[in-house]
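Given chain Z, work out where chain B should sit, using these hints.
If you read the protein sequences in the order shown, they are chains Z and B. Once you know that position 10 of the first sequence is 10 in the UniProt record's numbering, the rest is easy, because the numbers rise by one and skip nothing. Once you know that position 176 of the second sequence is 176 in the UniProt record's numbering, the rest is easy, because the numbers rise by one and skip nothing.
Any given hint could be a false lead.
[Unchecked claim] Listed next, the in silico DSS-like pairs over lysine-lysine satisfying Cα-Cα at most 27 Å (straight line):
#  : chain 1 : residue 1 : chain 2 : residue 2
1  : Z       : Lys53     : B       : Lys53
2  : B       : Lys20     : Z       : Lys53
3  : Z       : Lys277    : Z       : Lys332
4  : Z       : Lys144    : B       : Lys144
5  : Z       : Lys330    : Z       : Lys277
6  : Z       : Lys144    : B       : Lys277
7  : B       : Lys53     : Z       : Lys30
8  : Z       : Lys236    : Z       : Lys210
9  : Z       : Lys110    : Z       : Lys210
10 : Z       : Lys210    : Z       : Lys112
11 : Z       : Lys20     : B       : Lys53
12 : B       : Lys20     : Z       : Lys30
[To be verified] Covered stretches of chain B, as calculated for chain Z (at least 3 residues, CB under 8 Å):
#  : region
13 : 327-335
14 : 367-380
[As the list claims (entries may be wrong)] Just so you have them, the derived chain B footprint on chain Z, three or more residues with Cβ under 8 Å:
#  : region
15 : 82-94
16 : 224-233
17 : 306-312
For the record, the hints were derived by calculation from the structure and aren't laboratory data. Ideal Cβ positions, reconstructed from N, Cα and C, are used throughout, including at glycine.
Protein chains: 2
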Amino acid sequence: MALIVQKYGGSSVADAECVKRVAQRIVATKKAGNDVVVVVSAMGDTTDDLIDKAEQVSPLPPARELDMLLTAGERISMALLAMAIANLGHEARSFTGSQAGVITDGAHGKAKIIDVTPGRIRAALDEGSICIVAGFQGVSQGTKDITTLGRGGSDTTAVALAAALNADVCEIYSDVDGVFTADPRIVPAARKIPRISYEEMLEMAASGAKILHLRCVEYARRYNIPIHVRSSFSQKEGTWVVDSSDIEGHEMEQAIISGVAHDRSEAKITVVGVPDKVGEAATIFRVLSEAEINIDMIVQNVSAASTGRTDISFTLPSSDGQTALSALNKVKERIGFESLRYDDRIGKISLIGAGMRSHPGVTATFFAAIAGAGVNIEMISTSEIRISVVVAQDDIDTAVAAAHRAFDLDADQVEAVVYGGTGR
Amino acid sequence: MALIVQKYGGSSVADAECVKRVAQRIVATKKAGNDVVVVVSAMGDTTDDLIDKAEQVSPLPPARELDMLLTAGERISMALLAMAIANLGHEARSFTGSQAGVITDGAHGKAKIIDVTPGRIRAALDEGSICIVAGFQGVSQGTKDITTLGRGGSDTTAVALAAALNADVCEIYSDVDGVFTADPRIVPAARKIPRISYEEMLEMAASGAKILHLRCVEYARRYNIPIHVRSSFSQKEGTWVVDSSDIEGHEMEQAIISGVAHDRSEAKITVVGVPDKVGEAATIFRVLSEAEINIDMIVQNVSAASTGRTDISFTLPSSDGQTALSALNKVKERIGFESLRYDDRIGKISLIGAGMRSHPGVTATFFAAIAGAGVNIEMISTSEIRISVVVAQDDIDTAVAAAHRAFDLDADQVEAVVYGGTGR
Numbered sequence: 001m002a003l004i005v006q007k008y009g010g011s012s013v014a015d016a017e018c019v020k021r022v023a024q025r026i027v028a029t030k031k032a033g034n035d036v037v038v039v040v041s042a043m044g045d046t047t048d049d050l051i052d053k054a055e056q057v058s059p060l061p062p063a064r065e066l067d068m069l070l071t072a073g074e075r076i077s078m079a080l081l082a083m084a085i086a087n088l089g090h091e092a093r094s095f096t097g098s099q100a101g102v103i104t105d106g107a108h109g110k111a112k113i114i115d116v117t118p119g120r121i122r123a124a125l126d127e128g129s130i131c132i133v134a135g136f137q138g139v140s141q142g143t144k145d146i147t148t149l150g151r152g153g154s155d156t157t158a159v160a161l162a163a164a165l166n167a168d169v170c171e172i173y174s175d176v177d178g179v180f181t182a183d184p185r186i187v188p189a190a191r192k193i194p195r196i197s198y199e200e201m202l203e204m205a206a207s208g209a210k211i212l213h214l215r216c217v218e219y220a221r222r223y224n225i226p227i228h229v230r231s232s233f234s235q236k237e238g239t240w241v242v243d244s245s246d247i248e249g250h251e252m253e254q255a256i257i258s259g260v261a262h263d264r265s266e267a268k269i270t271v272v273g274v275p276d277k278v279g280e281a282a283t284i285f286r287v288l289s290e291a292e293i294n295i296d297m298i299v300q301n302v303s304a305a306s307t308g309r310t311d312i313s314f315t316l317p318s319s320d321g322q323t324a325l326s327a328l329n330k331v332k333e334r335i336g337f338e339s340l341r342y343d344d345r346i347g348k349i350s351l352i353g354a355g356m357r358s359h360p361g362v363t364a365t366f367f368a369a370i371a372g373a374g375v376n377i378e379m380i381s382t383s384e385i386r387i388s389v390v391v392a393q394d395d396i397d398t399a400v401a402a403a404h405r406a407f408d409l410d411a412d413q414v415e416a417v418v419y420g421g422t423g424r
Numbered sequence: 001m002a003l004i005v006q007k008y009g010g011s012s013v014a015d016a017e018c019v020k021r022v023a024q025r026i027v028a029t030k031k032a033g034n035d036v037v038v039v040v041s042a043m044g045d046t047t048d049d050l051i052d053k054a055e056q057v058s059p060l061p062p063a064r065e066l067d068m069l070l071t072a073g074e075r076i077s078m079a080l081l082a083m084a085i086a087n088l089g090h091e092a093r094s095f096t097g098s099q100a101g102v103i104t105d106g107a108h109g110k111a112k113i114i115d116v117t118p119g120r121i122r123a124a125l126d127e128g129s130i131c132i133v134a135g136f137q138g139v140s141q142g143t144k145d146i147t148t149l150g151r152g153g154s155d156t157t158a159v160a161l162a163a164a165l166n167a168d169v170c171e172i173y174s175d176v177d178g179v180f181t182a183d184p185r186i187v188p189a190a191r192k193i194p195r196i197s198y199e200e201m202l203e204m205a206a207s208g209a210k211i212l213h214l215r216c217v218e219y220a221r222r223y224n225i226p227i228h229v230r231s232s233f234s235q236k237e238g239t240w241v242v243d244s245s246d247i248e249g250h251e252m253e254q255a256i257i258s259g260v261a262h263d264r265s266e267a268k269i270t271v272v273g274v275p276d277k278v279g280e281a282a283t284i285f286r287v288l289s290e291a292e293i294n295i296d297m298i299v300q301n302v303s304a305a306s307t308g309r310t311d312i313s314f315t316l317p318s319s320d321g322q323t324a325l326s327a328l329n330k331v332k333e334r335i336g337f338e339s340l341r342y343d344d345r346i347g348k349i350s351l352i353g354a355g356m357r358s359h360p361g362v363t364a365t366f367f368a369a370i371a372g373a374g375v376n377i378e379m380i381s382t383s384e385i386r387i388s389v390v391v392a393q394d395d396i397d398t399a400v401a402a403a404h405r406a407f408d409l410d411a412d413q414v415e416a417v418v419y420g421g422t423g424r
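Next comes chain Z alone, as it looks inside the complex (with noise of 0.2 Å):
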């Protein structure tokens, strides 16, 4: 018998048809001889509405308040679920993020996970019930108010409670089959990705592909929890997302890149004239740093000769750009740099693949095949396993069609690639 979590998002159990469809999966699951612990999220746009209800009361309110608030979500939505489970005949017992133990720190509204003392849920398992559990949500240590985890946070709460319960696995459903080579409105050849390394996963999720959230996938990786990203729609096989140490023992002939994933959410900030002095360019990320920018990529250019100043781009969500121009604009004198350049046009192509270590020549490949398109690199940065670039937002599509094809990504070429071993 094993211990299986499963997740579901908001599309999941977006209205009463979609939890009782919900609850014949994990009816089934059960019935397949497995324990199961369900982790939901809000139904469909329940936390925006939330979020409206606040606003129309306070401009500001207090983060405690919204947090609070913004929890009713996953009550209403775990309950529901409970008693769709109920009526097909299964016990069914839903528990809040505090009830099922996910201890955080006390910033509200982006909580971190401090432990989980999942008793009540183990305790319920084991006198055979099904669990569900509220996602994205915990209490603070020492306060005990609810806090909630932020982005991403209920495929964290998953993948939390799997590792505290010692799960088999973490099921993370959404309206998707799995993790694709690329975005399949931009490349429609674009093919599911059976297995793939935490590390790689992290570089995707890193550079916009939207599956599965960064923090998620850091937390698996730890605790070395597989995760299987599937459909809720269909019985497919998804993804799954696991050590490299059991991919490469399966798959001899593991495909040398991944996937192609693109980004449109950040910007690039040009700092024009810096003088090179020691010491500059620190002052300028540290500022960033308290305002509690998150930076991408950054850019130095070697400083001219002549004028003994340089120019430092780099890249940041761009949903970050007017605090970051303002932090920037208040040490103008003390830096001394000359002026700031804003530009929310850009997109950002990420290659990634744990088997660009041992091949040489992929990054010409891609410089190339982005070239042949007509793109125009502007910047570049480049990880063990992953290499991105910044083009113009609109060169965007271009430029991952013709990288996907470059590697043999696409649909009917991959097939020899992957399973050429096998003959299939």
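Below, chain B without anything else, positioned relative to chain Z:
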């Protein structure tokens, strides 16, 4: 500095504007130098909407899950209210029933309060915070499941917290100005009662006056918590519900009769032809009690000597009518009665007043007034401070008005009776 517990019902927090208005009222109370604890119900129709959702996924939802679902309602209203108060520059913290220390038994949907341990509320008050507490909900002792208190739950939460915190007063806000001598929709000359004893208020509540629930008044009487029933739409004094000793001390010229209550929600069942043997009536009422039906009035006719049989009539909430009829039909053979008659077109009129203890003739005046209005009395029951009669439902308005007039309760007259001694 006083400690004031205020309770706002669903109509007082029906939308964002209402929430903001209530927030101003709470802040004014705080600014006047009081510690303030607020108990709040779910907004407007929220509870009904949640019940609708439950019915969409399950015809008979488990009580535990229904409680989990419904408690989302107060969670939303209390968080919004805390936000609205914060927006006025005052610190406010919301607490669930569980966080506020409302400990109940495990009877989901109709839990009873076992204990109140408001340590977190006390600590927040000591730090100068306004406390907002979810009404209607608690947490079960032992299993620590979320429970709801059932009808009148939020009022009971408020009184229970007031008792546990040793508050100076519990203010119950609704959309009416206080407790009236009769329903003003039936008797336009009905007058607001300035002060009424717990005992009289209990009889009023039990007799169909909907403004305060029986349970909340019982709780207040047990702990001697003064209740101030008033409107959230005006600043007028409402009705004080207090210990009778506090009334007799203040108002020498107390009215004999406090008010006339009525109730259209009951039905009458007559068990026809019951064998006149010892224990037959006991069997009937044991069967009904096992079906968890609350009986109100009972009348047993003298048995006809010729047949050795008698009729037993009783009243009960008409919502329990079908359950009662089928429970009785199951024991028809065993008891040997002839038939059942059911009538839900009845109404009950009750005259309540502590003064009737020491004033003979009240019963005679009451019956004469009803007879004088041409209304037939079907059943009678009395307590020390109440007389109730059952009449045809269509006669309710006529009979209430006649009784109200007969006891000089109409507005012009009453001023003379109640305030006669002071000359006002």
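**Report entry** Hints breached by this structure
**Finding:** Of the numbered hints, 6, 12, 13, 14, 16, 17 do not hold.
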